[in-house]
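Protein sequence lines, in the order shown, are assigned to chains A and B.
Under my numbering, the first sequence has 30 at position 30, and the numbering climbs by one with no breaks.
Under my numbering, the second sequence has 123 at position 123, and the numbering climbs by one with no breaks.
Since the hints were made in silico from the structure, they are not lab data.
The beta carbon of each residue, even a glycine, is placed where N, CA and C say it ideally should be.
Heads up, some of the hints might be wrong.
Non-contacting residues of chain A with respect to chain B, defined by C-beta distances greater than 12 Å in every case (computed) [unchecked claim]: (1) Leu67; (2) Ala101; (3) Met102; (4) Gln103; (5) Ser110; (6) Thr121; (7) Glu122.
Which bits of chain A does chain B cover? Going by a derived footprint, with three or more residues having C-beta under 8 Å, they are [to be verified]: (8) 17 to 29; (9) 49 to 58.
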Amino acid sequence: MNGMLNIVMVIATVIVAVVTYQAKFRARALELEIHVLNQTNRSIRNDLTVLRAEQAYLSRPERIERLARKFLTLTPNEAGRNLTGASLLSGREDMESRRSAMQVLEKMRSRDKARVLEARTEAQKMGIATVLVRPLIARKAVPQQRAVSAAQVMGVTHYSRDRAGDAQSPPKEPLEKLRSRPEVPKPKWTYHGGIGDDD
Amino acid sequence: MMTNLSLRFGKLAGFGLPKKNKLARKKSVSVDSENLKAVGADKGIWLHSAPWRYWMVFLVFGLIFLVIGGRLILLGVSSNDYAGYRLPTQGKVAVDRPEMVDRNGVLLATDIRTASLFAEPQKIIDIDEVLEKLAPLFPGLDMKRLEKRLRSKARFAWIKRKLTPAQQARVYALGLPGLSFTDEPQRVYPQGITAPHILGSVNLDNRGGSGIEKFIDRQIAIEGDGTDGHYIRDEGDGRRIITLSVDNRMQYLMRQELLQAKKKYHAIGAAAIVMDIHSGEVLAMSSVPDFDPLKPKQVLQRKRFNRMSRGVFELGSVFKTYTMALGMEVGKASFRSTYDVTGPIQVGPSRIKDFHGPKGWLNLAEIFTHSSNIGCARIADSVGIARQKSFLKKLGVLARLQTEIGDVATPLLPRRWKRVNMMTIAFGHGISVAPLQFVATSAALYNGGFQVRPTFLKVNKRHNPNKTSRRVISARTSEKMRVLMRLNVIKGTGRGTNVKGYDVGGKTGTADKPTRGGYGPDVISSFISIFPAQNPKYIMYVMIDAPKGIAETGGKKYASVNAVPMTASLIRRLSPFLGLQAKEKDALWFDMEQFADMR
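Please build the complete structure, drawing on both the sequences and the hints.
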């Protein structure tokens, strides 16, 4: 009787020990997994930061201005060149273009970012300056718009009707030149993610 | 004795079965008693103490097992610290600074990760080899110093911090033992040099040294619990953001204008600011020459200081706006008041003169538009020293002003505020104030009379320093000041800033720059403007430090030929971003009749 009990106890101890160790190893494996995930997370975040910095660097006003001067036949924006809905309509005599201008304006007030962007391209095609649209985008449509950096909007403000008063489409020739340019300027710094991780 | 012991243990093993226990006890009693007789000890104690000892032994073993079992569970459950098994650590603790964005969310400053190379000298096998192989990779490195450090008994030595990824790859390729990398954050300013005086700079350890960078350091508990001041917003995805009041595009344009103006007028510096006249938000502020935040040597250069806030100047005639407001506020002056400006005023050894403008009797508006020193001195004289001083104090001109980018330079006041001081202060001499402080305190003269605290952070629900701003002058005086400012642009010295449709109002200031023992040939020319004057939204101040006369200005260096065209150009270029729309025609919103016969 006595011996039996001892054997049972020993077996129970062994079983408990095995289970405990298994649990421990499982926990260790999970820990590793968590660590790997954290590392990945960290490195992706780092990459994102770098990309955001790069985006800001490439869309800084200084560069946009330089490129606009080089490739676009537009003049810097200044006072009195901004248009409102009313002034936009006033130059358009036929009903057709009045209606399309109205539609573009309406679209720009949309809360949907995609629609606003779409409207903006249309406005560009119509030769409308989108200066006054910017506050709309910033305040109403997309409160914290980051996709459209303000600097890009600035590039658009260079669009304007030409001095003769006729609607002007975006110049085709320089744009094509821009697209077909063979060499891409090297970024000032590049980043190869992951190299920095060591223990 | 041996049997006794074995019996006892046998009994221990059989514990838990009362029946057997009883049997065993009987047996042991008999054996014990025999032994005890032999030794001659007291029988009774042993009889009763024996089972107690069994219990004791059981308890001790039980406890030991419990401890071992508990430890086992702990080992299994708890983290790797106990297991003697270590996961790779996550580099050195490096503080990530919050990102800075402008009022539209454009990135102004952020941290990116870079690798820094260090050595553990004791782990290096061949120091000569290390030096030899590293030398071609880092041409600028001081090899002698490095050798000294590597040969020392130190456990740690930096070799080179903030490597480019390419350099890092090459060091890896060398495969030298004893060299390691650590992750370090590197502050980058993707917009280049646009607002260095506002953003500030950081040192090699990524700690803020000036500007908002320094402000951030005061806000975050760097090593501590990580609780941030309420200016820093946590985006939840590991990004922390501080939103500035400046607009990156305006900031860029303003800096360009300033650089052009500095070059054009051969000035030693130029500075400008645009501020929201109600909320105190600085939308753009620049001072050139400025510095590249990534070049630490430039940061401390004297000539690159922030002229807007770190230097005090005798601002000259722009100070007359205070005198006008003072006269009207205390009821000593009105649009109907007239003053004799025929001859100079002699106060002790000093003589107050006018260099241009008509002689004879001038009314208040004429004194303002012709910028008469004598007239302003007379107005101040009619008010008195005490009231002038208390008025300026109330506006906040005399005390030190604090902002997020650091303290504004303390105003230089006359040691004793005598009659002559009062008179010179009336036209902006004998008192030196930082331009930023001048702009901030001036805002109250035009915004309806409320004091404004300038801020470089975007105003929102949580951050609004002017929520409870107090009234410092009456609304009536403020309205009259707006009329005077507009009038000066229509008829006076500020005519060049009359940008169509924007209803600009403003005042010129050309102040002689003090030199040792008097005034030198150089001037500070400046222009303070508000627009739209009827109901101002923005206040702008432009100053040029020591402009030279050029052909275009007819060799003159008055504010009306340099600061004025500069202001006009700035208004033209910035207005599209200020959300202001040019009106078809500048409507006259005050009764022009009363100024019809102005000279």
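Here's how the hints hold up against the structure:
Taking the minimum C-beta to C-beta distance to chain B, about 14 Å, the non-interface status of A/Leu67 holds against the 12 Å cut. Every C-beta of chain B lies more than 12 Å from that of A/Ala101, the closest at about 18 Å, which supports listing it as non-interface. For A/Met102, the shortest C-beta to C-beta distance to chain B comes to about 19 Å, beyond the 12 Å cut-off, and the non-interface label holds. The beta carbon of A/Gln103 sits about 22 Å from the closest Cβ of chain B, which is more than 12 Å, so the claim that it is off the interface holds.
At roughly 19 Å, the least C-beta separation between A/Ser110 and chain B is larger than 12 Å, which holds for a residue marked as non-interface. The beta carbon of A/Thr121 sits about 20 Å from the closest Cβ of chain B, which is more than 12 Å, so the claim that it is off the interface holds. At roughly 21 Å, the least C-beta separation between A/Glu122 and chain B is larger than 12 Å, which holds for a residue marked as non-interface. Remark: the region 17 to 29 of chain A is confirmed as covered by chain B, as 7 of its residues place a Cβ nearer than 8 Å to a Cβ of that chain, reaching the required three.
Under a criterion of three residues with beta carbons nearer than 8 Å to beta carbons of chain B, the stated coverage of the region 49 to 58 of chain A is upheld, 8 such residues being counted.
The structure fails none of the hints (numbered hints given earlier).
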